[in-house]
Amino acid sequence: MAEISRLPGPQADLWEWQYQGACRDTGPETFFHPEGERGSRRRSRDAAAKLVCAGCPVLLECREHALAVREPYGVWGGMTEDEREAHYAAAELAC
34 MAEISRLPGP
44 QADLWEWQYQ
54 GACRDTGPET
64 FFHPEGERGS
74 RRRSRDAAAK
84 LVCAGCPVLL
94 ECREHALAVR
104 EPYGVWGGMT
114 EDEREAHYAA
124 AELAC
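First residue of the sequence shown: 34, per the numbering used here; consecutive thereafter.
Among the hints, erroneous ones may be present.
[Claimed, not checked] With a straight-line cut-off of 25 Å between C-alpha atoms, the simulated SDA-like cross-links for lysine to any residue are: (1) K83 - F65; (2) K83 - C128; (3) K83 - G111; (4) K83 - H98.
[What the hints assert, rightly or not] Quick list of simulated restraints, FRET-style, between CB atoms: (5) E116 - T59: 13 to 21 Å; (6) T59 - D115: 19 to 27 Å; (7) V102 - R57: 15 to 23 Å.
No lab work stands behind these hints, which were simulated from the structure alone. Just so we're clear, the structure is a prediction, and the values are computed from it rather than from any experiment. Using N, Cα and C, we set each Cβ at its ideal position, and we do this for glycine too.
Can you build the whole structure from these sequences, using the hints too?
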């Protein structure tokens, strides 16, 4: 579950970057897997999502948001759920 206490406040300027996201022109099914999706289908969908992210002008803002609030689902800032989990684990080991 996302840690909502880490979400920025309601000020619109803190969320403004989302209006510039390349994902706004792509359906959410590209970024969020259906229940039970595994194997090559999931890898293909993740790869398609990452292609959208690769050309996004707010990729870093999106990634920072996802890591800060520990988004549990989907591709955010070009990172899959598993990649974010690996990032958290690596950060814990570095401490």
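Against the structure, the hints:
| no. | hint | verdict |
| --- | --- | --- |
| 1 | K83 - F65 | holds (12 Å) |
| 2 | K83 - C128 | violated (29 Å) |
| 3 | K83 - G111 | holds (5 Å) |
| 4 | K83 - H98 | holds (16 Å) |
| 5 | E116 - T59: 13 to 21 Å | holds (19 Å) |
| 6 | T59 - D115: 19 to 27 Å | holds (21 Å) |
| 7 | V102 - R57: 15 to 23 Å | holds (19 Å) |
Checked against the numbered hints given earlier, this structure breaks only hint 2.
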